[in-house]
Every structure is written in C-alpha cells, then in structure tokens.
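Student: Now for the letters of each chain:
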Amino acid sequence: MAEVQAPTGQPTEEAIQNNNAEPTTAPQEPPKQKRPPRKRGPNYAQIHSKPLPLTVYPLPAFHPSNPISLLRLCYVYISQILSPPSSHPARLYIGHFDPDSRSIHVTDPAHVRALWEMGFFGKASLSRSEPTWLEREKTKLRDVASGGRTAAEIVTKQRREDRRLFKLERARVERERIDQQRAVELGGVANDGANHDEESRLLIQPDAQPSGDTPGRTTVGALESLEKNQHVTESPATPELPNGVGQVVPNTDLPTVEAEEVLDIPEPIIENQEHLQLTLEEAFFLSFALGVLEIKLPTNQPQSTSPLDLLHLFANHSTFPPSQPQKPRAKTPIPSLAINNHHLHARAVSHAIAAAPLVKDPTESSLRVPLTAKALTPQPQTLPSAHPQLPPAPDSTFLLNYVVYHHFRSLGWVVRPGLKFGADYMLYNRGPVFSHAEFAVIIMPAYTDAYWSTAAGIRERRVKGEKDWWWLHCVNRVQGQVKKTMVLVYVDVPAPLSLDGQRFQEEDVTALLRRYKVREFVVRRWAMNRSRD
Amino acid sequence: MADADEDVMPRSGAPIEDIDLSEEVQDFRFLATATGNDVKIPKRGEKDFEPHATALQSNTLAASRQAMHNALSFERIHPLKLTAQATFHPESNMAYAYNPKGSPLFVRMGQVFTKGEDPIGEDGLRGQRMWFLPEEVIYLVERGTIDLRWPVTEDDEDGQGLPMSLQAAYAMFLGEHQALGGALTFERYSVFSGLKRAGYTVLRASSFAGPGPAPTPDCYPQIPQRTWQAGLLSLAWLKTIFISSHKEDDSISNPALPVPPGLYRNYVDIYRRLALIQWHDPTTSLAPTCPLATASDNDIRVTWEVWKPGSSTFKKSDHGPPDFRIAVIDARDTMVPSLQQLSSLLETEKYEPPKTEDQLYQKLKHGYKNVILAVVDQGVVSYLRIFDAAFGREKLYERMDSGAGAKRGGRGGRGRGRGR
Numbered sequence: 001m002a003e004v005q006a007p008t009g010q011p012t013e014e015a016i017q018n019n020n021a022e023p024t025t026a027p028q029e030p031p032k033q034k035r036p037p038r039k040r041g042p043n044y045a046q047i048h049s050k051p052l053p054l055t056v057y058p059l060p061a062f063h064p065s066n067p068i069s070l071l072r073l074c075y076v077y078i079s080q081i082l083s084p085p086s087s088h089p090a091r092l093y094i095g096h097f098d099p100d101s102r103s104i105h106v107t108d109p110a111h112v113r114a115l116w117e118m119g120f121f122g123k124a125s126l127s128r129s130e131p132t133w134l135e136r137e138k139t140k141l142r143d144v145a146s147g148g149r150t151a152a153e154i155v156t157k158q159r160r161e162d163r164r165l166f167k168l169e170r171a172r173v174e175r176e177r178i179d180q181q182r183a184v185e186l187g188g189v190a191n192d193g194a195n196h197d198e199e200s201r202l203l204i205q206p207d208a209q210p211s212g213d214t215p216g217r218t219t220v221g222a223l224e225s226l227e228k229n230q231h232v233t234e235s236p237a238t239p240e241l242p243n244g245v246g247q248v249v250p251n252t253d254l255p256t257v258e259a260e261e262v263l264d265i266p267e268p269i270i271e272n273q274e275h276l277q278l279t280l281e282e283a284f285f286l287s288f289a290l291g292v293l294e295i296k297l298p299t300n301q302p303q304s305t306s307p308l309d310l311l312h313l314f315a316n317h318s319t320f321p322p323s324q325p326q327k328p329r330a331k332t333p334i335p336s337l338a339i340n341n342h343h344l345h346a347r348a349v350s351h352a353i354a355a356a357p358l359v360k361d362p363t364e365s366s367l368r369v370p371l372t373a374k375a376l377t378p379q380p381q382t383l384p385s386a387h388p389q390l391p392p393a394p395d396s397t398f399l400l401n402y403v404v405y406h407h408f409r410s411l412g413w414v415v416r417p418g419l420k421f422g423a424d425y426m427l428y429n430r431g432p433v434f435s436h437a438e439f440a441v442i443i444m445p446a447y448t449d450a451y452w453s454t455a456a457g458i459r460e461r462r463v464k465g466e467k468d469w470w471w472l473h474c475v476n477r478v479q480g481q482v483k484k485t486m487v488l489v490y491v492d493v494p495a496p497l498s499l500d501g502q503r504f505q506e507e508d509v510t511a512l513l514r515r516y517k518v519r520e521f522v523v524r525r526w527a528m529n530r531s532r533d
Numbered sequence: 001m002a003d004a005d006e007d008v009m010p011r012s013g014a015p016i017e018d019i020d021l022s023e024e025v026q027d028f029r030f031l032a033t034a035t036g037n038d039v040k041i042p043k044r045g046e047k048d049f050e051p052h053a054t055a056l057q058s059n060t061l062a063a064s065r066q067a068m069h070n071a072l073s074f075e076r077i078h079p080l081k082l083t084a085q086a087t088f089h090p091e092s093n094m095a096y097a098y099n100p101k102g103s104p105l106f107v108r109m110g111q112v113f114t115k116g117e118d119p120i121g122e123d124g125l126r127g128q129r130m131w132f133l134p135e136e137v138i139y140l141v142e143r144g145t146i147d148l149r150w151p152v153t154e155d156d157e158d159g160q161g162l163p164m165s166l167q168a169a170y171a172m173f174l175g176e177h178q179a180l181g182g183a184l185t186f187e188r189y190s191v192f193s194g195l196k197r198a199g200y201t202v203l204r205a206s207s208f209a210g211p212g213p214a215p216t217p218d219c220y221p222q223i224p225q226r227t228w229q230a231g232l233l234s235l236a237w238l239k240t241i242f243i244s245s246h247k248e249d250d251s252i253s254n255p256a257l258p259v260p261p262g263l264y265r266n267y268v269d270i271y272r273r274l275a276l277i278q279w280h281d282p283t284t285s286l287a288p289t290c291p292l293a294t295a296s297d298n299d300i301r302v303t304w305e306v307w308k309p310g311s312s313t314f315k316k317s318d319h320g321p322p323d324f325r326i327a328v329i330d331a332r333d334t335m336v337p338s339l340q341q342l343s344s345l346l347e348t349e350k351y352e353p354p355k356t357e358d359q360l361y362q363k364l365k366h367g368y369k370n371v372i373l374a375v376v377d378q379g380v381v382s383y384l385r386i387f388d389a390a391f392g393r394e395k396l397y398e399r400m401d402s403g404a405g406a407k408r409g410g411r412g413g414r415g416r417g418r419g420r
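Heads up: the sequence lines are chains A and B, in that order. Residue numbers for the first sequence, in the working numbering: 1 to 533. Residue numbers for the second sequence, in the working numbering: 1 to 420.
Among the hints, erroneous ones may be present.
In silico SDA-like links for lysine to any residue, alpha-carbon gap of 20 Å or less [claimed, not checked]: (1) B:Lys47 / A:Arg177; (2) A:Lys517 / B:Thr283; (3) B:Lys308 / A:Arg177; (4) A:Lys517 / B:Ala275; (5) B:Lys395 / A:Ser435; (6) B:Lys365 / A:Arg177; (7) B:Lys365 / A:Ser435; (8) B:Lys350 / B:Asp377; (9) B:Lys308 / A:Arg530; (10) B:Lys365 / B:Ser312; (11) B:Lys395 / A:Asp533.
The hints are simulated quantities; they were obtained by calculation from the structure and are not laboratory data.
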C-alpha cells in the first residue's frame, strides 16, 4: 500500500516504486549503468489542495512582533467586508441529467477539471476515473513518450506488459531447470556436485523466502538478463503470484523526451469527446449540500430543480425502470413483465423468490428486474412536474445511499463508488491519487422504528429478505484479499412522514435527512491461531 | 495514481492475517526439526503445481509421505495410573471424578462445588469431587484423558460402573440436552473443542442458557465529574466573548441549505455545517439504545468466555476478565444479524475505548466495544470479530491541514475553548 501523506512534491507511483527498488538493486547493479533521469510526476498535493469545490479565505496570520502584519490583517478584513468574495464559484457548474444512464453529465472541460480536482467527484466516461482521454489521444497521435504527465492508463499498460514478459521469462527458466535436472538424472554422474547443491537446497526449504524482496541466487546464468531492474524469486520458482514484479520501472522502455523533439510536432487538434459522469448521490450532494452544481433537466421538461424535486427525481430513478411519480402508497410500482406473451406478475415472482429459504439477495435488493426478451411497454420519460404531495419512500435505495454518502463526506472522507470491490462505497483519506482506500462500506438498512413492525410497515418495507452468511463471508474475503477493512453501516430508517395535507417545502430536505441515524461496525476475521498471546 | 486499486496485487502471496497454517496440510518433515524449546512455526514452503517426472520431486514426495506415516503411526499409550475415572451423574447431566490427576488439562477444567451446590450432597468426599460440565466430559473422553463409567448398579461385579462409549457420551451430553434442560448444541461443542485444542481456556458465559444479567456499569463509558473549577479552567466561557458569531456574517440567502452561498474562512466551518446525519456515539450512550425489549429467540447471546493459553491471571477460583467473548451462531438457521440483534449483543460487552495516542486507522479499527461471532456451518467454524466503530468521533477535517486553519491571530479562545 502506498503509504503517503503527501508532503509537497511527492513523486508518482512509479517513482515510489523506484524508491523501493533502489536501495536493494544498488548492490547488484554494476555502478556504471546509469538509469535515465526520472520524470517528476505531477504535484498532487498542490493540484488537489482543496477538499471541496469551495474556496475559503482565511485571514492572514497576526504576529504580535511584526506590526505590519496587523496592517495587512486589517486591510484584508476591511476589503472583505466592503466587497465580500464568495466561497462558491461565480458561475455554478452545470450538469445535465441523463435518464438513460441515470447519471449527471458534466461536459464543460473547466468544470470537469474543477470537480475532479476538488474532491474527486465523478468518473470520466472514457477513462478509468480521472479525465485523461484527451491527453492519451494526443499522446497516441504524436507517437512520442508521455510528456509532462503520465496518464494512469498508460502506466498500467506498461506495467502489465512488463509483468507478462517477466512471467514468460520465469516460466522458461523453470522449464530449463527441470530439463536440466532430468538430463542429469538420466545422464549419470557428470554434475553430481551441482546436483547435491540443488537437492540440499530443496530439502532445506523452510528457509526459502517466497517474497522477492531479497535477491535470490540463481542456478541458471540466463537469469542475469532479468536482473536489470527486477528482483527474482528463489530458484525453485513457482507460479506463485509475481511479487517482485511490482517494482518494475515502467519508464525504462519509454524513450525519454527531448525538448527539441516536442517543439517540432504541432499539437494535434482533437475535440474532447469525454464527459464526466456523476452518480445521483454525488450530484445531489454537490447541488443540495454544497450548492455548486446546477442541474439541467432534459429540455422537454419544465425546469424546476429545487432540492425537493431533485430528491424525487433521483429517488424515482434509483431503480430501473424508473418508478412513476408517487400517488398514495397503496402498493409499490410494478413493471409488467411479458415472457412469451404470458404476463407474469412481478409481485408473484418476487414472492416466489423471497419465500425461498436461502435466498441470496443482490446488494441492491431490488427485485424489479425485468426478465423479458420482449421490450417493455415504453415508459414515458415523465419527470415530476408538479410538487408531489408525498415525500419519497424513506428506505428507497437513493435515500439510503445518499445518507451514508453525506455522512462520510461531512466527516471529511473522499467517498467513491465501490463497485470494483463488491462494496457500496470506498473511503479514501485524501483521495485515490494519494493512497489506497482503507475502508469498504456496505450499507444495510435497519428497521428498528416501531412503525416497521406493524402490518403496514412490514408490507411497505422495500428490503424484505435478509442477507445470509455466505454472502457476508464472500464480501469479507474479497475485502481481505484487496487489503481493505469491511465496514457494515446500518442505516436506521425512520417511519415515513405522515401526510398532514401540507406541502413540503425546501427546508424539509434537511429535516428529512436529520431523521436518519447511522451506525458503523467494522468486521474482521479473527484468527484463532494468531491470538494466542 | 488515480484508482490504482485495480492493479493491487498481493505483495507476497496471501495477506498475513489470512495465512492460517492450521488450514493447510503441513509437511511432516518439519517435525524432525521441531525438537527443543524454541520451536518456530515453519514458513510456507513453495509449491510445485504439476508433476515434473524428475526423480528429485518424487523422492521429496516420498520422504514427506513417509514422515507423515511415521508420525501418525506413533502408538498412544494410556498408563493406568494416569487415567482418571469419572462417573456419569444422570440427574444433573454431568460427570464427576475424585482428585483427577494425570493431565495438565485438569488445572483449567472442572470445578469443585460447595456444600449447597453439589448435586450429590455432602458426604465426606465432596471436597475431592471434581465435576465436569457436559462439553468438558465429551472433550476429555475424546482425548482419552478420563475413563467414563455409567453409575454403579447392583449388577456390577467389581463395584465400578460399565464403561461408557464415546457414542453414548455424545448421546447423553449432546443429544439429551434439551430433555435435561441443558443448552449444549453441536455447534457450541464444535467451537468449544476447536478452541480447547488450540490451547485456550473456555468457560461458559453467564448468558449460556438464557438471557444473562443486565449490563454492568463497565459496559458504559464513565462520566467525568464536572466541577465548577473544571468548568472555569476549560476556558469555555472565553468562547462566548471572543467568537463573534461570524456565521451570521455570511449573507445567508437560504437558511434551509446546509452551506448557503457566502464567505467561509476555513473548511472546518463548512464541514461542521454539513453535519446533518445523526450517528451512534458509543461514548455518550449510557443506557440501552435500541429498546432491549424482551429476550426473544432470535437474540444473539454470548456463549463462551475464553482466556488465552498463556494467561497468568486465570485461576479457577477467580477467573479474572476473559480475553475474548464468543457468541456461537448457526449459519443455516440465522441470517446476517439485524441492528437490534447486534446492538443488544454489544450492550453486554465491556466498554474499551481506543488509546488517544493511536493513529487514525487504528482507532477506527479498534472501536469501542467488540465481540467475536463464531459462525458454524455444519461443523465448519468461521470467526468474525465485530467492532463498534464510531467514525463520527474521528473527524478527518480536523486533521486535514495542520497549518492553514490553526493560527488566526487574535481570534477566538484557545483550542480547548472551542468545545467538543
């Protein structure tokens, strides 16, 4: 794990690997072989110095020994009273709601850059997460080495290529060794000395360190070629996971950029086809909690984007297909399935699934997945135009996810979607570029309120089944393999607001959020054999 | 690099905490090197994944197999004078032995009852009579440490009862548990024997057979005493003088929004305004949070109290606090616990806050209370440790920039005056 709490000027990951590699390769490498000078990576601490897309204006420090600092303090203070700058951006960032992908698209490159840099919001649509598509295209077109900044994807590709080559080489070496051993056994007494060496080394295997940190002795001379920048495991090599390879320097094969070459090639002109996609929770946080994002709905809809309307819109779109704007909650909306012209009522299907004793609930727990091969009756893209009278269901997927998102964001964590690791969210200390996520968050709704034990409450619960132990152990294993800590977050769902005939105003979104309660549990495996002392 | 998580490969095989050597078949050749007092657990060797058709490989395999056969064919002997004889007592579903010797196990197992508790009553031998609980009996019979007999009847010739087979022991102590009012199930026994074999000392918890006693005061945080001197010294009153209500300086256009447009001087203020969601704080809960209601069948209760093998504080007369508390759960009958189950289980745990000098991640992972769940699936046991973490107490934004927000000359009280 990259353990960086970055001071300024922290180099990138490959530089970190270089640092790890250097002290141990130094005794091995012939001193005359010079490595090409390392590129300094981008200064992440400076780029991502703001944790949120708001600017703060701290007053300058006052030093009693220096009277001029008092003057400066007064000047700044008074100028801020006379013409107060705003922490919010002058023009709000603009996002477009896209019902097909149920996300918010941000297209203006300046906004994309700002939202990514200040808080790591969103995911670029053509890149891994940081919007680097344009840069990579330019690099490809120019066909030179990556210039000042290296994109994450290029580094990854290079690293994978190197690892593949290393694996091939290691397999070849292993095969040669086995062939040699066989030849020796069949051939007779010629290499008895070497044989004994090998056998005895194999028998004393307890001392063999599988980790590639210490340089291993090799039997075959051809392995010297591998040692330019890499570490090799012990000679009885196994197809175990390549642990020494992580320290391969990806920059060695890339030709260094000479400044003269770059000037000759004009900058290719490409239109940026990438946009930033914000999930519904991120967009709601930016627009409601921070107030820096303005969300535009598709043009054929009236443009009412108060927080309450947005809440309804997002809550409806958190399931697929999106549910209609709510009438009184007699029953939950059910899409109609049509399989071979027989209409299967989704409620019957969901009952059948829920009644099975050992059901494995998918994480989202939404049993309204259409099973049909024929297209569903196309739902008109209606967005709530008038203020509906009912707030969204308190245990809707969007609200639960948003409550947890808001809770961890308000504590200072950088919260990113955890789909890659089978969790709901990943928590980063400062951001993905600085360190690996330490916590993986799984959201579990909890119905402790008295209302949910009544007959009406039981009927209206969205999450009817419970998760089983196999699912929990699966997720725990996955998190253990990727070295993250699993956090089970129980969200205490309040009873639905009773309809008193009042219309809900904007304050009510805050009041709605205040009704939830969150409790976190860290789940780890307990090893019996390791806790004896 | 952004999202470099995807390419994380484990550094050296499986992560350290997942290498459980007891789950793998060990190479018996290491037994030969394991003589003496300082025995190191051998590290994992290297695997060959396919046959190479070399004599070297097959010789190594044959040597390992032979070592295993040698180890397993060692003959176990039970010397007569070291075997304790125990007698089954049907009424209480336990067994008793008189002054059992011959195994260091007896130091930590079994108990001698006082006059009032002894099921047989006071006869001269009460002080030497050691009683064993059902799970202890089965374990000792399996190991061969005791020789268990049925109660003496008049048909017996030599005055001793008939020997009880292991099958009969299982039938009496596990099978009859419900009829005789016990609470030992096969799952609980699996956990017990696994832990005993690993060397731990395992005793029944007070909630073994039903809801235990109410949570004791050490399950809750201590309230510090507030005296007026402490209040004066904390400089909290300075706050009211110096801190101008600068929050109202911002032009609040919309009071309903958490962070309305305006001027903010630091990120800490912004984060404080964003705190809308309530979170459970274990340091302030002085009473059961979720209504503890009546004890229902689907409550999870602590079954075993476990002490470490090397624990010097354990004495039979005075146990001391256990090192671990384990709740046994059947994986086939229950689901992942709900919030009520978990919170009522953790109510009975001791309150152990993390040390203040710990790092952030250690504090979060240490939590304030913890319990171990042993999930048993038809004999396969998996242990999960649940910590009650409070993310809300470790506010990341206060650690964010040590330099920028701290010194603002002439404003506000001391750091303590800000109030927590």
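Student: Taking the hints in turn, state whether each one holds.
Tutor: Results for each hint:
no., hint, verdict
1, B:Lys47 / A:Arg177, "holds (16 Å)"
2, A:Lys517 / B:Thr283, "holds (16 Å)"
3, B:Lys308 / A:Arg177, "violated (47 Å)"
4, A:Lys517 / B:Ala275, "holds (12 Å)"
5, B:Lys395 / A:Ser435, "holds (18 Å)"
6, B:Lys365 / A:Arg177, "violated (47 Å)"
7, B:Lys365 / A:Ser435, "holds (18 Å)"
8, B:Lys350 / B:Asp377, "violated (28 Å)"
9, B:Lys308 / A:Arg530, "holds (11 Å)"
10, B:Lys365 / B:Ser312, "violated (27 Å)"
11, B:Lys395 / A:Asp533, "violated (33 Å)"
Consistency note: the structure conflicts with the earlier hints numbered 3, 6, 8, 10 and 11.
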